[in-house]
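S.K.: Each protein sequence line maps, in turn, to chains A and B.
Mind the numbering: the first sequence is residues 1 to 499 in the working numbering, read in order.
Mind the numbering: the second sequence is residues 1 to 499 in the working numbering, read in order.
It is worth saying that the hints were derived from the structure and are not from the lab.
In this text the structure is predicted, and so the values were computed from the model without any measurement.
Hints are supplied without guarantee of correctness; some may be wrong.
Any copy, or any two copies together, can satisfy a pair, since identical chains are not distinguished.
What the hints assert, rightly or not - List time: in silico DSBU-like cross-link candidates among lysine-lysine, alpha-carbon distance up to 30 Å:
no., residue 1, residue 2
1, K229, K213
2, K94, K14
3, K469, K456
4, K399, K133
5, K14, K95
6, K94, K6
7, K167, K177
8, K139, K205
9, K6, K385
10, K213, K92
11, K128, K317
12, K14, K92
13, K386, K456
Protein chains: 2
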Amino acid sequence: MEKALKKYQETNEKLRALGLAMFLNGWDTATEAPRGSMAHRSGQIGTLSEMTYRLSTDPDYEAAIETLFQHREELDDILHHEIELARKRLVKMKKVPIEEYVAYNRLMAEIYPIYVEAKQTSNYALYKPHLLKVIEFQKKYLGWEKTPELQGYDILLDEYEPEYGTKEYDAFFKTLKERLVPFAKAVSRKKLKYNAAFTKKTFPKEGQREFAKYLQTVMCFDPDRTVIKESEHPFTSGNGCTDVRITNHYHENDLTSAIFSAIHEMGHGLYELQIDPALDETNSGGGVSMAMHESQSRLMENMIGRSEVFWRTHLPKLQELFPKALGKTTLDDFVKHVNRVSRGFIRTEADELTYSIHVMIRYEIEKGILSGRVDVEDLPSVWNKKYKQYLGIVVPDDKRGILQDVHWSQGSFGYFPTYSLGSAYAAQIYHAMAKDVDIDAAIASGTIRPIADWLKEHIHRYGSTKYPKEILRLATGEDFNPNYYVDYLIQKYSKIYGL
Amino acid sequence: MEKALKKYQETNEKLRALGLAMFLNGWDTATEAPRGSMAHRSGQIGTLSEMTYRLSTDPDYEAAIETLFQHREELDDILHHEIELARKRLVKMKKVPIEEYVAYNRLMAEIYPIYVEAKQTSNYALYKPHLLKVIEFQKKYLGWEKTPELQGYDILLDEYEPEYGTKEYDAFFKTLKERLVPFAKAVSRKKLKYNAAFTKKTFPKEGQREFAKYLQTVMCFDPDRTVIKESEHPFTSGNGCTDVRITNHYHENDLTSAIFSAIHEMGHGLYELQIDPALDETNSGGGVSMAMHESQSRLMENMIGRSEVFWRTHLPKLQELFPKALGKTTLDDFVKHVNRVSRGFIRTEADELTYSIHVMIRYEIEKGILSGRVDVEDLPSVWNKKYKQYLGIVVPDDKRGILQDVHWSQGSFGYFPTYSLGSAYAAQIYHAMAKDVDIDAAIASGTIRPIADWLKEHIHRYGSTKYPKEILRLATGEDFNPNYYVDYLIQKYSKIYGL
């Protein structure tokens, strides 16, 4: 067993070192690599991926995991959990024949440009045969692990959020459908009145960059362990808790886009920054799951960053940077603007209130596709019908409908629901935190330090040493309950919209 | 043999992929990685280095090289040359026992901070015992390969510039000592008169960055395959001919420092950009040697970049960017300023004329150390004596004397002479190029395209498929001849100084 442990640790060390290479490549590619360098580099990245694949499927490594799994009761808690997950991955991976894996990766590489073209030209017919192939592969994959507990779509859902399957998500979205959908319809019938003149102004990037630096202090985003840069789309990336990076994209005709992107990505980043540093040398570092990660970014972006007290505290700084454009904007104007509700077609542009309705539609469709109840031929009409039913809007074309998201073209089925689950986690976490921390006072103090500290203590420090359900229970004292989320939304938007 | 070739190519592919990781790490570390991330990352880089070491000493890989070497007459020219070099490296490497190698690397990691402290406090006594250990290792190394042709210091010299040893360098520096030293003394007795008021002005970084962008076009530094960024010290780095990166460091109180750094690094970069792209997938990509690389940067920096015609063409742009500070500066003032000679203590700040005298001093000292003729105890006094003898100046302290260069603390003995050899190559290459290209007309045209094209055709495209001596012969039609260099310097500075 000692030998198995040594093999396990040594291989992980190499895999993490290759992980550093992949992180650096991704970061460099998205932020500054020369355009002309991609072809040559992609060959080298292919070689590094192959080295990673060979290492992680090395028979001695697999045998070590198996041995450690047999003796898991003798391991400490962290390693016990890690080995459980490692074996789960192994069992899954071993069921994919290498040729299938290669063929699937080739398909994924081919489909992306086709997806882009189909979206640009709003041409679902062009995309459909390729989507069918992806679904075919996903369905085959479903067959690989027929266990009594986990079937069909559940296998894919579990991959993005462990221990969450259709049972959990059905209950979650049922609550949303019953309580949120009618409320959102009621809100959207009302119009929010405020002076929106400032939204027509121009905001030079220099000032926006300056405000992002200011936010870095507000959000406790430690400058000694972080980088903030620019890229086409904002994202968070990094290499353990000492190297956390976010990007942003500044639009001169839209001030708030980059502000909320920054707060959102800093929420993701703060999670990584506050994980127990000792976990950096294990496979249990990093945030625990997609939804838990999203809970941290959405809590910061929506619950902290769009609050009245946040802007009472920080609008003066923003006005100082853009005196002409914002001089006449009142706190009330600004807060109303960043919390306005509008039923749109595009998920990524949706407001906080309707966002989860977009996600619910995708969840229902994915479930239908993978169970075979929905025909891929009918996807556009199914999509459009649901948008009419739940949001009351008529989708004008497939570009703004079924073709808007890249996820399926990357083979991601089961990813979408984690976005909403994260928002719902956030509401439950916020409710628990409010018992210990005077959140408004913390925000008004200028930095979110007391909030960051609470999150570190109750969520962040664990990294991925436990299942998300367990961390949520430890942090909030109860199992997941979607009513916190709906209650929060109804209370907040009733007040804003005077309902 | 087919099997050997496959093993050789496959291993090289992996080594190059790991090379991408090391390049990205070095670039990221020097330009933007968070301060706090170094400790964690250094462990991962250690793991990647070990993976590289194991791959390059893998017995099957070694056997493949041996097999290919036995059959080298059957290989194409490029592969033939590559295998010769690979085997040479192998023979050398196999003579270093792994424990020695590890111990040496540990010593190198330890000595750096001690060197920095010794330099800061001008304390040679602190540094001496550690330098002794490095020399001891280097001497041991000398014993590893006792061949009739290559002995002692020659082995180290050959590592930085193949086929150059004490015989070649002795002849080179003899010419410099006889012709350059007395000339430099004569020049330094004269004073150059010009209006230097502009050197007291302040030059905001924004304008300097703007001029660097302008220079990118002038120097044909293809924006689709390059990155220009900032770091503590300027350097060139990259990943094949499609990804070439340079950095700069802008000083607001010194306009010309960053300008000539940019031209220098773009000279290095242009070399890499113009290598035959097919060589990127072999081990024969990249510039051929230290001196040949330096010849390209110095040709650009000194022979092109400090010429009168260069500034007749580009000073107006610089004046446009800094109208107040440079409005009254004449072409004559500017050209005189960037070609002024001053005998200083510091090699890296030396002018074009005296630079090689600094290098010659180091060459003589290294030769003395490694032959045992110079005692490490006496190094400061030996150093100071030579500065008095060759440059006529009295070194005030060890910080500005024996402790000024980092090279020995990195185990680099035999590196220094390539700096001067590069300058001398440059003069010989320039002389040959002038027969085919109207260089002044090319510079006056705004971009150096005809010069870049000639260098590509006669030097760059070969990458490292031949020995440097061979490339120099192909490009200039003759063997290396240091008189081109001395002739060029004497002619140029006689004119400037009216001698």
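S.K.: If a hint holds in the structure, say so; if it does not, say that too.
M.R.: Against the structure, the hints:
1. In this homomeric assembly, K229 and K213 come within 30 Å of each other (Cα to Cα) both inside a single copy, at 11 Å, and across copies, at 20 Å.
2. Taking the shortest alpha-carbon separations for K94 and K14, both the intra-copy value of 20 Å and the inter-copy value of 24 Å come in at or below 30 Å.
3. Taking the closest pair of Cα atoms, K469 and K456 come within 30 Å of each other only inside a single copy of the chain (17 Å); across copies the shortest separation is 62 Å, beyond that limit.
4. Taking CA atoms no more than 30 Å apart as the test, K399 paired with K133 passes inside one copy only; the shortest distance there is 21 Å, against 69 Å between copies.
5. Within a single copy, K14 and K95 get their C-alpha atoms as close as 24 Å, and across copies as close as 27 Å, so both meet the 30 Å cut-off.
6. For the identical chains of this complex, K94 and K6 are neighbours both inside a copy (22 Å) and across copies (28 Å), given an alpha-carbon limit of 30 Å.
7. For the homomeric pair K167 and K177, the shortest alpha-carbon distance inside one copy (15 Å) is at most 30 Å, but the shortest distance between copies (87 Å) is not.
8. Taking the shortest Cα distances, K139 and K205 never come within 30 Å of each other, neither inside one copy (46 Å) nor across copies (58 Å).
9. For the identical chains of this complex, K6 and K385 are neighbours neither inside a copy (56 Å) nor across copies (57 Å), given an alpha-carbon limit of 30 Å.
10. Taking CA atoms no more than 30 Å apart as the test, K213 paired with K92 passes in neither setting, with 44 Å inside one copy and 52 Å between copies.
11. With identical chains, the CA atoms of K128 and K317 are never at most 30 Å apart, being 50 Å at best within one copy and 55 Å at best between copies.
12. In this assembly of identical chains, K14 and K92 lie within 30 Å of each other by CA distance both inside one copy and across copies; the values are 22 Å within and 27 Å between.
13. For the homomeric pair K386 and K456, neither the shortest alpha-carbon distance inside one copy (39 Å) nor that between copies (62 Å) is at most 30 Å.
Violation of the numbered hints given earlier is confined to hints 8, 9, 10, 11 and 13; the remaining hints are satisfied by the structure.
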